[in-house]
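Q: These are the residues of each chain, in order.
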Amino acid sequence: MQAEAAVPASVRRPVVLPIVGLAIAAAVLIALFMVINAAGLWGYVLPRRAVRVGAMALSGIVIGVSTVIFQSITANRILTPGVMGLDRLYVLIQSALIYVLGSAHPWVSNLRTNFLLCTAAMALFAVALHRLFLDGKRTNIYVMLLIGVLAGTLFDSLASFLVVLIDPNEFLIIQSRMFASFNRVTVGLLWPAALMSLAVLAWAAPALRYLDVLALGRDHAVSLGVDYPWAVRRLLIAVFLLVAVSTALVGPITFLGLIVANLAYELLDTYRRGPLMAASALGGVIALVGGQLVLEHLLVFSVPLPVLINFAGGMLFMYLLLKERSAW
Amino acid sequence: MGKAWLLAATVVLAVASLFSGVTPLTPADVLKGLSDVQVRVLVLSRIPRLMSILLAGMSMSVCGLIMQRLAQNRFVSPTTAGTLDATRLGILVSMLFFGAAPPLVRMLVAFSFAWLATWAFMRMLERIKLRDPVFIPLAGMMYGSIIGSAATYVAVQYDLVQNVSSWLLGDFSLMMRGRYELLYAVVPALVLAYLYANQFTIAGMGEDVATNLGLSYRAVVNLGLGIVAATTAVVVVTVGTLPFLGLLVPNLVSILWGDNLRRHLPVTVLLGAVVTLACDLLGRWLIFPYEIPINVTLGVLGSVMFLFLIVRRTAYAG
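Chains A and B supply the protein sequences, listed in that same order.
So the first sequence is numbered by our numbering: it starts at 355 and just counts up by one.
So the second sequence is numbered by our numbering: it starts at 19 and just counts up by one.
It is possible that part of the hints are untrue.
What the simulated footprint calls covered on chain B by chain A, stretch by stretch (three residues with Cβ under 8 Å from a Cβ of chain A suffice, anywhere in the stretch; the number is not a length) [as the list claims (entries may be wrong)]:
hint, region
1, 138-146
2, 158-165
3, 176-184
4, 303-315
For the record, the hints were derived by calculation from the structure and aren't laboratory data.
Cβ coordinates follow ideal geometry from the N, Cα and C atoms, glycine included.
Full structure from sequences and hints, please.
A: The following block contains the structure:
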């Protein structure tokens with residue numbers, strides 16, 4: 355990927371064209387999703403579908419962008435932010451809330467309160483992880499990731515303990531939240547989530563400028579004059595927060611980012627992270643909206659979308675792990 | 019800390035395990051002569067529980083040790099190489115398709131899944147040259163979560179999620195006579211591990227070195243993975259998952275005693291027993307007369323200790 359930098363600009367494939375293509379594809383899919391099989395009930399269909407499309411677009415964009423950031427700072431193409439244990443924390447929070455308070459409590463049944471609670475808890479976890487393990491002296495990202503993974507295992511064992519204790523009827527509510535779904539989202543959730551994502555990106559913007567340099571790895575970045583620990587810390591927190599928002603909004607979609615980020619790398623002949631992030635975000639929208647379209651109208655909901663995405667992402671992960679023999 | 023201390027700790031904890039529980043039973047009672055009820059509690063429940071704790075704790079620790087040797091990576095273990103997730107999938111499949119079959123068949127299915135997944139992961143490790151040793155467990159966890167999501171999907175389709183969770187939650191409170199005997203199958207695996215300890219060390223140095231030294235590399239690796247898969251399957255089917263044990267104990271041994279596999283296999287076995295006994299006792303005492311399953315106590319203690327290990331190891335860039 356980086357090798358292309360030496361090729362004269364005229365020889366390189368243009369970056370703009372694929373992005374425009376992706377944008378058109380995304381727009382077409384969204385339009386199709388809005389109008390297909392509406393049967394003339396526009397007043398009923400449009401607002402409801404708009405919210406679902408909004409949720410899909412938002413989580414697709416957030417996941418696409420955060421994965422490219424994440425893979426750039428880890429200088430690695432096959433990891434997803436999903437390894438950091440946030441999705442397991444989400445399941446644990448839901449299980450704990452339902453076990454302690456019951457499914458009728460407003461903190462569980464009011465989706466907005468539930469969303470805010472989950473985001474806050476995950477943000478707290480992210481910040482704690484950084485405070486404890488990225489304190490300037492140590493900035494080995496992999497170590498921090500491993501710690502995130504371990505925390506994930508811990509959350510998992512606590513959650514499975516709660517699951518055993520929980521009443522089977524209440525458990526069905528947890529189960530429905532273990533998988534990503536776009537049907538739960540309401541307008542009241544969508545706006546706060548969108549605003550939060552924007553705020554996080556704005557906060558990370560000063561560090562985002564250095565993303566191209568950070569992707570060269572720690573040594574190069576430091577010798578090119580980037581304040582590496584600062585930039586990495588800020589971007590990692592941003593990635594955590596973005597994933598937290600998307601997970602709290604629709605539920606865990608662990609492997610989507612892996613697919614769309616790698617799609618972006620293949621499609622665009624560039625090392626520049628700006629276009630890559632755009633392409634990856636659009637890819638996220640296309641994957642979710644298109645996937646949902648196919649599922650609803652061709653496969654008639656036989657398989658949930660996140661399961662399909664996780665499966666495809668898993669296959670891609672294995673392929674990449676085996677194909678790229680060197681230098682991971 | 020020497021082996022003698024470890025042995026003493028094992029004995030003390032084992033005795034404590036025998037004499038803690040709801041039915042009053044003290045060492046003094048044994049001297050005075052036991053009542054019928056006490057004899058029955060001891061034979062039906064306490065001794066089977068103690069034996070299963072010892073066997074499971076010892077064998078899972080040795081599993082971790084073998085895997086770490088073969089992969090030459092300190093962070094590889096049944097938890098971080100897909101073995102546990104594959105076992106879960108295997109048990110699910112056997113519950114669905116061989117529901118009426120005896121436990122032995124279930125175990126064989128689980129074993130095949132565990133072996134296949136671990137073998138595939140180790141083959142992948144051989145093919146990738148990695149920059150950072152910490153990357154391997156990350157890849158392993160992602161690999162495991164792929165298998166795990168397949169298992170979860172199947173479980174959801176058949177409404178078995180809660181059922182499987184309770185089945186696989188590591189817990190010794192149900193270990194009674196007639197339910198734990200399958201665990202004795204790990205004894206031959208432990209003996210084999212001891213006999214082939216040196217071969218595992220050599221195989222861990224890589225195929226070229228091992229072949230140069232006159233070792234049938236493939237055979238040794240397959241034997242090691244077979245031991246790991248069989249032990250994991252047996253333990254998960256009878257007790258449930260014991261997270262972190264295979265990761266934690268070998269790392270502690272290597273910090274405290276060093277890295278000679280064969281000489282430290284007994285230490286690993288004993289430390290595995292001590293950790294498991296201690297976590298089980300903690301779970302039994304904390305909310306007496308109720309119990310916290312060992313999955314939770316081990317998960318909490320294990321992750322805290324492992325965090326400490328990582329921070330320490332990477333501080334020395336080990």
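Q: Please go over all the hints and tell whether each is borne out by the structure.
A: Hints and how they fare:
no. : hint    : verdict
1   : 138-146 : holds (count 3)
2   : 158-165 : holds (count 5)
3   : 176-184 : holds (count 4)
4   : 303-315 : holds (count 4)
Checked against the numbered hints above, the structure breaks none of them.
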